[in-house]
Amino acid sequence: MDKFHSFLAYTVVTIGLVKGRTVLPLPPSDVTSSEKTSSKDKSLILENAIVQWSRQIKHVLKQDPENALKNGMNPDPTEELNFWKNKSDNLNSICQQLSSERIKKVLKFLEQNKSTYTSTFSKLQKEVQVARKEANENCKYLQTLEGLFKDLTDESKDLSDVADLFVPIMHTILMIWTYSEFYNTPARLVVLIREICNAIII
Amino acid sequence: MDGERIKAAIEGETPAEAHGCLEKCIDVCARFKEAYFDYKAKSKNQWKITTNALFVRLDAFSERCQDIMHLTGTIQQFNKLEKIEIGNTKGKTMTSSVLNILDQFNQAKDEFMLVSYDIMEIEVREFDDDFYKFRQRIKELERRLASVLTGSFDDCDTIIGKFKLLESFEGLLNRQIIQDELEKKHVTLLELFK
Numbered sequence: 001m002d003k004f005h006s007f008l009a010y011t012v013v014t015i016g017l018v019k020g021r022t023v024l025p026l027p028p029s030d031v032t033s034s035e036k037t038s039s040k041d042k043s044l045i046l047e048n049a050i051v052q053w054s055r056q057i058k059h060v061l062k063q064d065p066e067n068a069l070k071n072g073m074n075p076d077p078t079e080e081l082n083f084w085k086n087k088s089d090n091l092n093s094i095c096q097q098l099s100s101e102r103i104k105k106v107l108k109f110l111e112q113n114k115s116t117y118t119s120t121f122s123k124l125q126k127e128v129q130v131a132r133k134e135a136n137e138n139c140k141y142l143q144t145l146e147g148l149f150k151d152l153t154d155e156s157k158d159l160s161d162v163a164d165l166f167v168p169i170m171h172t173i174l175m176i177w178t179y180s181e182f183y184n185t186p187a188r189l190v191v192l193i194r195e196i197c198n199a200i201i202i
Numbered sequence: 203m204d205g206e207r208i209k210a211a212i213e214g215e216t217p218a219e220a221h222g223c224l225e226k227c228i229d230v231c232a233r234f235k236e237a238y239f240d241y242k243a244k245s246k247n248q249w250k251i252t253t254n255a256l257f258v259r260l261d262a263f264s265e266r267c268q269d270i271m272h273l274t275g276t277i278q279q280f281n282k283l284e285k286i287e288i289g290n291t292k293g294k295t296m297t298s299s300v301l302n303i304l305d306q307f308n309q310a311k312d313e314f315m316l317v318s319y320d321i322m323e324i325e326v327r328e329f330d331d332d333f334y335k336f337r338q339r340i341k342e343l344e345r346r347l348a349s350v351l352t353g354s355f356d357d358c359d360t361i362i363g364k365f366k367l368l369e370s371f372e373g374l375l376n377r378q379i380i381q382d383e384l385e386k387k388h389v390t391l392l393e394l395f396k
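Just so you know, the protein sequences line up as chains A and B, in that order.
Everything in the first sequence is counted per my numbering, starting at 1 for the first residue and increasing by one.
Everything in the second sequence is counted per my numbering, starting at 203 for the first residue and increasing by one.
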């Protein structure tokens, strides 16, 4: 039965990944709610679940737009837009899952049983909130560049028309830098500028 | 902008078109950097980024464009040899050696164009080696051309003939090696005015 449950969990996670979403697998409800399992066993199962979630969430938090430029890949700046859109969608969905009744129940149970995992997990949840805010904000601000990047990557455009886009693009980037709360670090800018260079070259 | 188009332009005997296109590319790269630096200045020193890392690919691309421009420029100059005809006593032999040089040039060019990679792909490192070899061959041809030119120059008796000769080599005269050789002849030319 255990094996079957872990198989189910993997399936759920994989289906999520195929759709580009992080799905936190729920522990089997029949085990956790049944009277037969001792609370110690229950803790163990739930703790396992929480470990798995932590791993999944950390993986999402670690995602960095710079990775797109590694391994000899030369993506254009639409990649940066897609990255933040995807990350924000993903983190929003994780938050939604974390606030679902069943996950709340799991956390409550572990808290009552004084599990050592709860404090680290709640720290992680706070990190998720911060990262979610960042991703959502970045996504929102970057939207202002969407039209310009579309023109920039339009291959049918004449080179001199493309060159006319540079000033508005840089202007928008500076505006974003000035007004946004998160999109104002050299790391972000480097990725964006390098991707724009790629768009010019291709 | 891709190598296939440049290749097609060169093989389709329209290197001038490729030349103009490359010029535009370099200009576009420069304009992007310009826009970046303008706004870097406007950011009041907040954009503290080492520029090298940012523009590695762009600079490499710009450099490659210049290399290819050098190539298309050379092709245009050498193509002019086709129409050259040198008069005077040794004219026939001179003309045929010019045509021979042109032949060898075309051979070098065709060999260079045969490379299997996309010549505009900046990640391909072999380009630099191949291009260097090509340039060495061209230099050799230039030296030969210079000696043909100076030989014919000495052969011409009249100042008009000498100028006509220079006129027909117009364009190629800008090439360093040929120019160096000709400089020695300037004095002779001036002497004739006396």
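Rather than coming from a laboratory, the hints here were simulated on the basis of the structure.
Some hints could be false.
Said to hold, decoys possible - Pairs of lysine-lysine residues, derived as DSS-like cross-links and limited to a Cα-Cα distance of at most 30 Å, are as follows:
#1 LYS133(A) with LYS285(B)
#2 LYS85(A) with LYS244(B)
#3 LYS294(B) with LYS250(B)
#4 LYS285(B) with LYS335(B)
#5 LYS366(B) with LYS70(A)
#6 LYS150(A) with LYS246(B)
#7 LYS105(A) with LYS126(A)
#8 LYS85(A) with LYS335(B)
#9 LYS150(A) with LYS366(B)
Stated by the list, open to error - Cβ pair distances, simulated, as ranges:
#10 ASP320(B) with ASP89(A): 52 to 60 Å
#11 LYS335(B) with ASP89(A): 47 to 55 Å
#12 ASP330(B) with THR185(A): 33 to 41 Å
#13 SER100(A) with ASP330(B): 22 to 30 Å
#14 GLU146(A) with GLU323(B): 37 to 45 Å
#15 LYS157(A) with ALA218(B): 48 to 56 Å
#16 ASP261(B) with LEU44(A): 31 to 39 Å
It should be emphasised that the depicted structure is a prediction, and the values quoted were computed from it without experimental measurement.
C-beta: ideal position from N, C-alpha, C; glycine also.
Status of each hint after checking the structure:
no.	hint	result
1	LYS133(A) with LYS285(B)	violated (71 Å)
2	LYS85(A) with LYS244(B)	holds (28 Å)
3	LYS294(B) with LYS250(B)	violated (66 Å)
4	LYS285(B) with LYS335(B)	holds (27 Å)
5	LYS366(B) with LYS70(A)	violated (59 Å)
6	LYS150(A) with LYS246(B)	holds (29 Å)
7	LYS105(A) with LYS126(A)	holds (18 Å)
8	LYS85(A) with LYS335(B)	violated (48 Å)
9	LYS150(A) with LYS366(B)	violated (55 Å)
10	ASP320(B) with ASP89(A): 52 to 60 Å	violated (36 Å)
11	LYS335(B) with ASP89(A): 47 to 55 Å	holds (52 Å)
12	ASP330(B) with THR185(A): 33 to 41 Å	holds (35 Å)
13	SER100(A) with ASP330(B): 22 to 30 Å	violated (58 Å)
14	GLU146(A) with GLU323(B): 37 to 45 Å	violated (29 Å)
15	LYS157(A) with ALA218(B): 48 to 56 Å	violated (23 Å)
16	ASP261(B) with LEU44(A): 31 to 39 Å	violated (58 Å)
Consistency with the previously given hints fails for numbers 1, 3, 5, 8, 9, 10, 13, 14, 15, 16, ordered from lowest to highest.
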